[in-house]
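Novice: Now for the letters of each chain:
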Amino acid sequence: MNASELQPIEQFLQTHAPFDVLCAALIARCAREINIGYYAKASAFVEFDPVNPKLYLVRSGAFEVRDPQGVLVDRVAEGECFGFSTLLSGEKVVNKVAILEDGLVYHIPQALFTELRTQNRQFDTFFTRAFAQRLRNEHKFKAKDLTTTSRITNLMSHTPISIEVNASVQQAAKLMRDHRVSSVLVLQDQQLVGILTDRDLRNRVLAEGLDGLACVDKVMTKQPQTVASNALVFEAMLLMSEHNIHHLPVVDNQQAKGMVTSTDILRSQSSQPLLLIGEIDRQSSIERLIHVSKQIPVLLQNLISADARAEEIGRVLTSVTDALTRRLIVLNQQLLGKAPMAFCWLAFGSQGRQDQVACSDQDNGLLLAHEPDEFAAAYFDKLTHAVCKGLDQCGYIYCPGDIMAQNPQWRLSLQQWQQKFKKWVMSPEPKALMHASIFFDMRAVYGPQTLFDELQDSVMSHTKDNDIFLAGMAGNSLQQTPPLGFFRKFVLERDGSEVKGMDLKHKGSALINDIARVYALSAGIKEVNTAKRIRALMDANIINRKDALNLADAHEFIAHMRLANQGYQATNNLVVSNYLKPQDLSSLLRHQLRDAFKVVHDAQSGLKLKFTRSF
Amino acid sequence: MDVQTLTYIIVGATFALYIGIAIWARAGSTKEFYVAGGGVPPVMNGMATAADWMSAASFISLAGIVSFTGYDGSVYLMGWTGGYVLLALCMAPYLRKFGKFTVPDFIGDRYYSQTARTVAVICAIFICFTYIAGQMRGVGVVFSRFLEVEVDTGVYIGMAVVFFYAVLGGMKGITYTQVAQYCVLIFAFMVPAIFISVMMTGHVLPQVGFGAELVDAAGNGTGVYLLDKLDGLSAELGFSQYTEGSKAMVDVFFITGALMFGTAGLPHVIVRFFTVPRVKDARLSAGWALVFIAIMYTTIPALAAFSRVNMIETINGPDSTGVAYESAPDWIKNWEKTGLIAWDDKNNDGKISYANGATNEMTIDRDIMVLATPEIASLPAWVIALVAAGGLAAALSTSAGLLLVISTSVSHDLLKKNLMPDISDKKELMYARIAAALGIVMAGYFGINPPGFVAAVVAIAFGLAAASLFPAIIMGIFSKTINKEGAISGMLVGLLFTAGYIVYFKFVNVGANTPENWLFGISPEGIGMMGMFVNFIVAFAVSKVTGAVPQDVVDMVESIRFPQGAGEAQDH
Amino acid sequence: MVNHLWLKSRFWLDSLSKQQGSHDRQLNEYQHSLTQQFTRSIYDADLMAIDLEMTGLDPINDQIISIGLVPISKGTIPLVRAQHLMISIDGSVGQSAAVHGIVDHQLQDALPIDAAMAWLLRQTQGHILVAHHAPMDMAFIQQSLQNVFGQRVLLPFIDTLMIEKTRYLRQHGQLVEGCVRLGQSRERYHLPVYAGHNALIDAIACAELFLAQVSALGGLKQIKCHELVGLSK
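Residue numbers (UniProt numbering), protein chains in the order written: chain Y, 1 to 615; chain A, 1 to 572; chain P, 1 to 233.
What the hints contain is simulated information worked out from the structure, not anything from laboratory work.
One thing to keep in mind: the hints can contain errors.
[Claimed, not checked] To give a feel for the contact side, a few chain Y residues facing chain P, derived at Cβ under 8 Å:
1. E33
2. N35
3. I36
4. Y38
These numbers come from a predicted model, not from an experiment.
The C-beta atom is built at its ideal place from N, Cα and C for all residues, glycine as well.
Model the full assembly from the supplied sequences, consistent with the hints where possible.
Specialist: The following block contains the structure:
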């Protein structure tokens, strides 16, 4: 049979991604090996053959992929595919595919799919991307916003305080005092029959003049509103406001499992960034500020468990740090009096780049409008010591390298800063380059933007097109390489005999930060956030579009892996570190991580070629 | 063990050393050292610069030229040394201040023109090609002797080795690899020189032995001075006196100038000054480099004289009547295999003899001089093998540097900046590798069909650099009136004039390559300096009739020339 | 539609009336292999969609030019087993070339009709044929069998046109001109329009239509073969 006889099918493949990248011979083979299936809406779900997983390419009709919980993961219409997750991950099918509209589906056998992937890199990338996208989507639906999707089980008290129905009010009150709770559950034969709260004791006991021997049964709220442990926090909030109550017993299968109070819910909400920032801005004492900052680790944990994008997490956490810093400056100025001159509080390093993760150490400095006299110097000395101390107490520990505004070395006038940067640029010795990698990621957190702009403009005018400095920067950043050895095997770091794993920060994210920084400085791009830098470089056509997208993807992926790993370490009471052991990953994630490192490696080669004129 | 086995072992060992250093540097164990120690120490950087600087031409061919042409050959020594000083003192600090890593980038920015940059890139590529061709020839000579193959085959092998080293291997451009290469090459050069000096004059330092009395086998002075003896021998054989020049004064002057200014325009050496972060350290390493270069350059005349005397005596025998071919020394037979020595028994007496004129029966390629010297002087086999390793070290370090200039210029300056701005990193890297490979192939071609001896080929490269890049750089730094039109036309006219003159005499009309036909008696080797003047004149003339230089460029030039802030900003 | 017991008896009677030649044994085996299919569901049965291209519409005077075959197995259409055969004819393709796009030179590698019929029996053995407007295709096949083997065979078949006609009448009461043609029928099931027109593509189109029809009738696993089969001799 000659190939073109299946022309309508080949034509369909040729006009739909990712098959459109295949050569004619592969298209013909593909058409030849297709198995056409018909799916009627009446059968509701696509039946999968667990033994022979396939790729499903929709020819007509419409389908929906839903995860085991029934959450929508993907909608698939003509020309789109499903079933690749299983083929790529090798895990068994868990998602369900609902048939929305009758249709024809081309089945592509696994062997052929694998072959097409090996034969064509673009075809392969299409599906690994689609898979990563889908992973993200799955989480997106789960995450959304914490109040609407968090479940009660995450914030309820798991050891309910309860009392028998025939106990006395006094016994109940004693119990509540001992456990420092504001309500008890009332049980009869292990069944929940009522709830007794502080308010009941006041309104129904004291106000009514009953004595302590009165039976709980008489004063409790009978048949209280309850909530299931897997209910959404949102639902609990609705119940509380509808019935004007503050306590909700948690009941599963008629068994009292715990209690959730309005305070619990408020607390969970306040770890939302906006609320937290609002709260920070409202605090009027440093002590209160320190207290509020205790919620930052909770916020991080929530964001990680919600599987937000790593870049977003970084931005959110940094904006909290920024707010905290600003508030500390304002509060301390209230104590010390008005500043004798305009100044900017500078954030360097990860805070500058807006990619802070856990409570990192502080990297900051002070930019003064002009040379301070003795009085001004003393003022800023006090102010910066107070702010740095405050930050330390809020969990941002003192910088071990002493890059802090309280160090007079980093509390300089505009002219001095300009000199300092100029010296680093003109004489790029190793120490200067090490500094450069921290200081060139700077941002003004507090103070007049014009003052900061003046500094940044002069810095950029020195770095832009200064090839010698850039060569030094590039050379310095090339000292570290991604942990890939020969044959793209992961290189693991060891501590004695113990395998520590791969350092995702210093051999991953930091390398991409370095690359983006060198390019940005060379082009005079003022962005400091790595993702924004890469985008700006792409828009200015300094980095090839494909390279830029790959690099941005790799950056997000590695940062995401690092955060997910840290979230895992935190919840399992392990030491939180940047080290990831590849054996903890699924084969697909390993594959993607390897790809991400390869992208970093290629980008480093590009950097080396362009800036150090070597390869 | 025979020479060949020893060569394999010693060359293999030096390669293992380079690879080992590369791995050590890769492993990142240098990082702590690097940061803690404030970078590469100036002494080390000086050695690395010297390794970049001293090419196969210096190592293999320079002594040969001096040996054969006597005083005339010394122009190379003077030119190259002068050029280095010019580069280190007059140019590098200013370029550094300008913040440009490569010469074309400087020219492109100074003359505010992409065209100027492109012309400079083309000049640089052209010069580097010529220079590498010289290196290839040198490597070919080394391999042909020690693997006992034809010199062409030697070039092929050399191409493969350089390709592996410069395109695939990750050992190039690492300072410590180059330090090792310097050590290997200087050791390889000095050992035979010292040996021979002790044997012939009883002095350990060849530089001293050069001006000393000869001693006999028992170590007693003979009262005859080395140079006198050589003058006598030369005169006897019909050559002009060794210490007397045969070149016209004007030619010597021009060749020296071309070499000097060309050196200053060579792109791969300038870079070395910028890899040192502190200006002070850069100066120190330039000084050290000069010392390390001087060690070899001052030895060259001595070695040349020693080997000349030895050569004449071993060929013509103690009584100067020639030696029977059967009993001719081994080195003659060994080198005959490479085709670099040939014997034509004109008078059918079965004896070899060497002289100037019709009675001469020996054709000896000058490039073998350094390599054959240990053999001529009957030094131990390991010394001979060591010299091979030294020659390779010299060729590799220089060609790797040059190939990087060529390949990155092609991929980044030509393709990325001009032709394909949207090229991906991977493609750029691929094109760089292809350019390097092409560079090697073309250089190999000229290595097999050389228009002259190694040093002479390299001299042409210098001439081209002197005529094109050097004036553009100098005017860029020191003149505020030269505009882009002037610079571009100057470079083009200078390059074309020089290249045309050389091609005419070296390729098109080789027979006319005699002093009578030369312009003002200037040989093709020296025409670069003339090209330089032409460049200056054209640039000034064109700038006069075209527009003025933009104000920001004028400010820029002014700021370069003031040393303030040249990395010496005060520390707070 | 016919009951499967009746079908079986027809086949039994048919085999009784046969003499025993070599051709006959081949044809007999062919028939026997089919009888097992009747009680199976559409999902489990071995079916083969078929389409013929002819020089005209008269089985006596016109000839088959090409045959497209594609199996229907477990509710899917495996294209890897699809077949397309050209048949050499006496004379020229003539006017019909305008319809099916086959021109004479394409027929050069074609099989002669006797070899083609033997091939067809081999390929379709054990499969119930599915075609759109099947009686026409069956008539051509029977005529060719008659010409080649000297006798006809009792052939069970499924006619998608007939199925569509019944469904259409039930829904709309009366037929409209052209409403049960392959293209129009497919449109009602939102099946894609195929630009190509050859025996193989039409066989695939017919197979897809059939799957859609059976799904609409109640499901591949619910409908049994004998509920849809007709006979041809």
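Novice: Work down the list of hints and note, for each, if the structure agrees.
Specialist: Hint-by-hint comparison with the structure:
1. With a cut of 8 Å, the hint placing Y/E33 at the interface with chain P holds, because the nearest CB-to-CB distance is about 5 Å.
2. Hint on Y/N35 holds. Least Cβ distance to chain P is approximately 5 Å, under the 8 Å limit.
3. Of the supplied interface hints, the one on Y/I36 holds, with its beta-carbon coming within about 4 Å of a beta-carbon of chain P, less than 8 Å.
4. Given hint, Y/Y38 at the interface with chain P, holds; its Cβ is 4 Å from that chain's nearest Cβ, closer than 8 Å.
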